[in-house]
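Number of protein chains: 2
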Amino acid sequence: MPTYTPPLRDMQFVMHEVLNVVDELTSIPRHADIDADTLNAVLEEGGKFASEVIQPINLSGDSEGCVLDKTTHEVKAPAGFKDAYAKYVEGGWAALSCDPEYGGQGLPFVVNQCVYEMLNGANQAWTMYPGLSHGAYEALHAHGTDEQKKKYLPKLTSGEWTGTMCLTEPHCGTDLGLLRTKAEPQADGTYKITGNKIFISAGEHDMAPNILHLVLARLPDAPKGSKGISLFLVPKFHVNDDCSLGARNPIFCTGLEHKMGIHGNATAQLSLDGAVGTLVGEPNKGLPAMFVMMNAARLGVGNQSLGLTEVAYQNALAYAKERLQMRSLSGTKAKDKEADPIIVHPDVRKMLLTAKAYAEGGRAMSIYTAMLLDKALYHPDEKVRKDSEEVVGLLTPIIKAFLTDNGFAATNHAMQVFGGHGYIHETGMEQFVRDARINMIYEGTNTVQSLDLLGRKILGNQGATLKKFGKQIEALIAEEGVNEKMSEFINPLAYLADQMTKFTTEIGFKGFVNADEVGGASVDYLRVAGHLVFGYFFARMASVALKKQAEGSTNPFYTAKLQTARFYFARLFPETASLMRTARSGVANLLETDEALA
Amino acid sequence: MPTYTPPLRDMQFVMHEVLNVVDELTSIPRHADIDADTLNAVLEEGGKFASEVIQPINLSGDSEGCVLDKTTHEVKAPAGFKDAYAKYVEGGWAALSCDPEYGGQGLPFVVNQCVYEMLNGANQAWTMYPGLSHGAYEALHAHGTDEQKKKYLPKLTSGEWTGTMCLTEPHCGTDLGLLRTKAEPQADGTYKITGNKIFISAGEHDMAPNILHLVLARLPDAPKGSKGISLFLVPKFHVNDDCSLGARNPIFCTGLEHKMGIHGNATAQLSLDGAVGTLVGEPNKGLPAMFVMMNAARLGVGNQSLGLTEVAYQNALAYAKERLQMRSLSGTKAKDKEADPIIVHPDVRKMLLTAKAYAEGGRAMSIYTAMLLDKALYHPDEKVRKDSEEVVGLLTPIIKAFLTDNGFAATNHAMQVFGGHGYIHETGMEQFVRDARINMIYEGTNTVQSLDLLGRKILGNQGATLKKFGKQIEALIAEEGVNEKMSEFINPLAYLADQMTKFTTEIGFKGFVNADEVGGASVDYLRVAGHLVFGYFFARMASVALKKQAEGSTNPFYTAKLQTARFYFARLFPETASLMRTARSGVANLLETDEALA
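Chain order of the listed sequences is A and B. At position 558 of the first sequence (counting the first as 1) the number is 558 in my numbering, and the numbers step up by one without a gap. At position 348 of the second sequence (counting the first as 1) the number is 348 in my numbering, and the numbers step up by one without a gap.
Just chain A, same shape as in the assembly (with noise of 0.2 Å):
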């Protein structure tokens, strides 16, 4: 079975020694009062939390699944997983970032960000159930009434009730201009709404007392497509205005989905029929008011990736140390044994330390995006409050696609290390690359977050934002430019950083012509866009280590910091190359192929 060691020197690293997270949350005033032993200490017991009481039921809630009882509707979780809930509840898990008007602990989301690392890293299905309740509570808490936020968002906060993202229908996923779910208004100022939802993560357990459902429908006069859909609030259970349990609310699971991983987490088909919901936000503004649950989800998304990318790297470490097989090609390594550990081979290292790579770089940026989160939410300046929200909006597609497919590729590699036995169900590696492959694809496809950062976030405002970012590199740059021992990871960052500029502007410059070649660039782009921001970030964590070796420090943990960006840029960063290549072959090999499509 599997094990999990939180990795907190390695975000204590990225939080203090790379971004220095404290300096820049206390000109929050909000944030004023935080300090390191502070964060330090909450992500210790996180990651206890994760490590002693969800990992040990990951595996058993992969074999085991959820069960629907058809009679009742009623869905029950693996086993320890209602248990497990309750001891997050417990422990006020669930309030960290929330708002303390609410009962919420008011702590900035760079806790989160990295408590839910710890958490997906541990058991993604369990962890989808309290990550779901929290874009539900970040979606009411933005767009809620009053009376809605008083009597939902306590027990939202505290954990006690579960909510979902009720979007997708049978015919409609990405667009849900399609979508058919129809809301009538009562004369009491409700809603009664009809209609089938389908793969509703959490959608049904028996973990919570209550779960808020948040359901995407259409007003009988609603204009048609996109524009048309208002958001609802759908609770399980009514709720009376002593906040206790009212009548079951017509809104069923029917049918749970056999899938290919996350199977601790009930995915859930629902049928609503006359279920009563209230507004949440404007009348046909539904999707934007989704969207700020969506955008959160991108970034949980790309965290649960980088979560499975960290356990799975830790376990073929120990593996590649422990298991004898064949000899090293350059002479025998282990004379004692009757093989040397697999570890000695370099491409089991390459496979070993790919993983490790996609796990540093995606902390790093993901810790800085939270930062910035943090700023764009509280920040007394309304200028950083603004540019901040807009390299989060830069950085969330990236993150989303850029880390799940990273993610994929490193459980694989991981799983790999295992040889056969990574194929077999109980050594757990196989779950890590089941469960890393719907991050791929749920809360908007990787194509979709491409054409989101090319279409929209860059060539939407002309590359302002990517300028904005650039910035910083750029800075970077000139400050490291000059240092000899910088140079090997300055100058593919600054040659990458050169060749973007143009790349881009020649990109858009094509999708003026024709939007299409904006389609056939897009997910190359992505993974480039992707590379500058993880050598940015690989060169800033190599700075410090060599300032830290400069002062005399003979810890290896520096030391594998450098040879890990080493190892980064070395092996990972030179994709870049074929990726602009591919890229700029144009649209007409994908669009003039017809016959071949036929």
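Derived from the structure by calculation, the hints contain no laboratory data. The beta-carbon is built from N, C-alpha and C at its ideal position, and this holds for glycine as well. Incorrect hints may have been included.
Part of the chain A face toward chain B, derived, beta carbon under 10 Å [as the list claims (entries may be wrong)]:
| id | residue |
| --- | --- |
| 1 | K259 |
| 2 | M326 |
| 3 | K350 |
| 4 | K356 |
| 5 | R434 |
| 6 | Q462 |
| 7 | A521 |
| 8 | R581 |
No more than 20 Å apart at the CA atoms, straight line, and that leaves these computed lysine to aspartate or glutamate pairs for EDC-like [as the list claims (entries may be wrong)]:
| id | chain 1 | residue 1 | chain 2 | residue 2 |
| --- | --- | --- | --- | --- |
| 9 | B | K227 | A | E338 |
| 10 | A | K227 | B | D340 |
| 11 | B | K224 | A | E595 |
| 12 | B | K485 | A | E595 |
| 13 | A | K285 | A | D221 |
| 14 | B | K182 | A | E595 |
| 15 | A | K321 | B | E138 |
| 16 | B | K383 | B | E24 |
| 17 | A | K224 | B | E24 |
| 18 | B | K321 | A | E595 |
| 19 | B | K547 | A | E338 |
Here are some chain B residues pointing at chain A (derived, C-beta under 7 Å) [as the list claims (entries may be wrong)]:
| id | residue |
| --- | --- |
| 20 | I438 |
| 21 | V513 |
| 22 | D516 |
| 23 | F567 |
| 24 | E575 |
Please arrange chain B on chain A, whose structure you already have, making use of the hints.
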């Protein structure tokens, strides 16, 4: 549920229009009377068997899996598997390319290759039962005593009995030198074999009355390591002189693995407790004897992924034409529908074309290799036999690793086209991914293949075999170099062929100084070599299509071939640019990482 259409026209194109297999094969006396109609007719029937008999039980076989009765040690294959196998035997499919001396039909291996591609596309888990049996047939045919052949080959030829390869033990997979199973010589010339084997595909089942296990074990005074391994034939039931079944031999299934995919195939733990076997080949020379089987198996594994690539592509293509979601970026295409079919989106086409190109390149390469195998076995000219065998040896690790890596990418792309629906079991797309995943691991991991290719097959004879294959590329370049219409295909191929020589020499020199350099470059090197071979076949296929068009053909089939070749060179082949860069980065960035991998 997925469907499968045998790709007969594509096979005919490769066989008759690109490779001229009939001319090539009729130069072999044994196959002198082969003609195109016969080949096509056999494949048509084979395609029917695949699509009508075993494809319908693929998804259900995955859901159901194999069940072990722990008291009787008997295994039940999924519903329908036994009946389908009876039809396979009845149809004479097992005997296709077997020796007429033992009841075989003596057809060329090319036929077997194509039939197996279709069987694998229809149902990989089922096809492993006859596939392993055929491997056992080949090992016995090459190394068995006359008595063994007479007794066992007719039953393997007819398929009445099945076979296995028993190599792996819990502590040894890649490194068979570590194996511990013991063989004690008996007074009557037989051996009593004791030990534990794991991961034995098709290791126990109810589809045939007897199973012939080929077991690697050590004689009492065997040298240590891989030079002390012998091969034994251990039947499940002893066989009397009249070929009737005798007593049960104590080789029992003690467990079945729960694994990521190929659920329909029983992956058995086998316990041998003094099971009686007979020696196959010479004492202590079991490994070379087993390699007859292993090389065939490696081609077979590439073929499994080829089959999966094709079937996944077919289903994703159908879905992309049907599923309505969003509008084309360049304006509405299906005005009469509420959304455009997703095939209008460039990236959806890219995913489809990637799978298609991998299927078509893989098919050309595999049929070509099968044709060489026919020559290697039975061509009257010894030099042709030797040259063919050498090139088969070169292409075998490429087929195994390149086609299985491509197959994993292709099945994942096809699944991604389905969006969330691809993650659900009932569409069958995620099964293709799970089944395809094992192919990168078993019969020697893809890393092992890359070391076999670069270390043994290429550097092992100073690139002589590679040059042999390179001569064909040179000939094509010389022939088509002046043809302007071919330049888009010939130029990149010629460039890579030129680079390849330098690239190989460079790694050879580095490897001479430090053998680990080979291990640090081999995986990337193999993919570059794969593209060199694919590039060669895509150029040949494009050349055929252009000739047909020049002759006045307006058949869209040839237009499709040109589009696919164009896509391949524009979007897939450029991967070589990055691969050569990373392969050249040197092994230090992998080996000087002890702190990073602490």
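Results for each hint:
Given the 10 Å rule on beta carbons, the hint for K259/A holds: about 5 Å separates it from the nearest Cβ of chain B. Hint on M326/A holds. Least Cβ distance to chain B is approximately 5 Å, under the 10 Å limit. The beta carbon of K350/A comes within 5 Å of a beta carbon in chain B, closer than 10 Å, and the hint placing it at the interface holds. Proximity of K356/A to chain B holds as hinted, the smallest CB-CB distance being about 7 Å (cut-off 10 Å).
The beta carbon of R434/A comes within 7 Å of a beta carbon in chain B, closer than 10 Å, and the hint placing it at the interface holds. At about 18 Å, the closest approach between the beta carbon of Q462/A and any beta carbon in chain B exceeds 10 Å, and the interface hint on this residue is violated. Annotation: A521/A was flagged as interfacial toward chain B, and the flag holds, the nearest CB pair being 8 Å apart, inside 10 Å. For R581/A, the interface hint holds, since its Cβ comes within 10 Å of a Cβ in chain B; the closest pair sits about 4 Å apart.
For the suggested pair K227/B and E338/A, the alpha carbons sit about 15 Å apart, so the restraint of at most 20 Å is met. A distance of roughly 18 Å separates the Cα atoms of K227/A and D340/B; the hinted pair therefore holds under the 20 Å criterion. Note on K224/B and E595/A: the hinted pairing is violated, with a Cα-Cα distance of about 59 Å set against a maximum of 20 Å. Taking the CA atoms of K485/B and E595/A, the gap is about 19 Å. The hint holds against a cut of 20 Å.
Under the criterion of a C-alpha separation no larger than 20 Å, the hint pairing K285/A with D221/A is consistent with the structure, at around 14 Å. Annotation: proposed proximity of K182/B to E595/A is violated, straight-line Cα distance about 59 Å (limit 20 Å). Proposed proximity of K321/A and E138/B is contradicted: the alpha carbons are some 37 Å apart, above 20 Å. A hinted pair counts as satisfied when its Cα atoms are at most 20 Å apart, and K383/B with E24/B qualifies at roughly 15 Å.
Distance hint between K224/A and E24/B is unfulfilled; the C-alpha atoms sit about 63 Å from each other, more than 20 Å. Annotation: proposed proximity of K321/B to E595/A holds, straight-line Cα distance about 13 Å (limit 20 Å). For the proposed pair K547/B and E338/A, the alpha carbon gap of about 59 Å is over 20 Å, so the pair is violated. Residue-level restraint check for I438/B holds (minimum Cβ-Cβ distance to chain A is 5 Å; threshold 7 Å).
At a threshold of 7 Å, the smallest CB-CB gap from V513/B to chain A is about 10 Å, leaving the interface hint violated. With its C-beta approaching chain A no nearer than about 4 Å, D516/B sits inside the 7 Å limit, and its interface hint holds. Interface hint status for F567/B: upheld, as the beta-carbon distance to the closest one in chain A is roughly 5 Å, under 7 Å. For E575/B, the suggested interface contact is upheld, since its CB lies about 5 Å from the closest CB of chain A, less than 7 Å.
In summary, the structure is inconsistent with hints 6, 11, 14, 15, 17, 19 and 21 from the numbered list given earlier, while agreeing with the others.
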